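Enquirer: Work the whole structure out from these sequences, hints included.
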Amino acid sequence: EAGVVQSPRYKIIEKKQPVAFWCNPISGHNTLYWYLQNLGQGPELLIRYENEEAVDDSQLPKDRFSAERLKGVDSTLKIQPAELGDSAVYLCASSVRGGAVGNTGELFFGEGSRLTVL
Amino acid sequence: KNEVEQSPQNLTAQEGEFITINCSYSVGISALHWLQQHPGGGIVSLFMLSSGKKKHGRLIATINIQEKHSSLHITASHPRDSAVYICAARNTGNQFYFGTGTSLTVIP
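As given, the protein sequences belong to chains D and P, one line each in that order.
Note that my numbering gives residue 41 to position 41 of the first sequence, counting from 1, and the numbers run on in steps of one.
Note that my numbering gives residue 135 to position 17 of the second sequence, counting from 1, and the numbers run on in steps of one.
Quick caveat, the hints were computed from the structure, so don't treat them as lab data.
It is possible that part of the hints are untrue.
Here are a few chain P residues that face chain D, going by a calculated C-beta distance under 8 Å [unchecked claim]:
id: 1; residue: I161
id: 2; residue: M166
id: 3; residue: G170
id: 4; residue: R208
id: 5; residue: F214
id: 6; residue: F216
id: 7; residue: G217
id: 8; residue: T218
id: 9; residue: G219
Here are a few chain D residues that sit away from chain P, every Cβ distance over 12 Å (derived from the structure) [as the list claims (entries may be wrong)]:
id: 10; residue: E14
id: 11; residue: K15
id: 12; residue: V19
id: 13; residue: E44
id: 14; residue: D63
id: 15; residue: E83
id: 16; residue: D86
Just so you know, these numbers come straight off a predicted model, no measurement behind them.
Using N, Cα and C, we set each Cβ at its ideal position, and we do this for glycine too.
Expert: Here's what the structure looks like:
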């Protein structure tokens, strides 16, 4: 079974340019998370989706960040315009929401998209 | 105040040593997760537990719900165990609270 797929793996852009990341979660996983991870730090939540609904976007800097999860499957995260401080690894993760039959509740991460803003 | 606290922050061990990483949490949980991240690599789920103890090979995870504490043990440590180990608490609302991680280096 395929895991969480993210692209691109690496992206280098100049500041003020736009960038977009794509995530395809594990089939059947209704919960999707976007996290930001700086070097030596744990993941920080940007946004959480339950199906197509964004249920927690309180940490998403909405002036420059946007996300969507059309049809409740894959998702995109966009930054426009990018700033130097946005350089980080952007992680997508998925899980099955509690209560579902066969739910193990495990959290599965993609390999991440490493963004460098010059 | 962090909802999840891990200790130690950094740990260096000789190959073969028994290793313990501790995690304390302050939120009500539906499950406690242990994750592993190798340098430059992705994050992999090691354990998800809500009570008692689980074992996979040389790794053992325990949790004490009353004390809100979990431990990850590695027996007969090996250099390939060198990684960052992250504790994460999941509440009933599907929110995750992450510790800052324990960086483990196992020296041959």
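Enquirer: Hints broken by the structure, by number, lowest first?
Expert: Violated hints: 3 and 13; rest satisfied.
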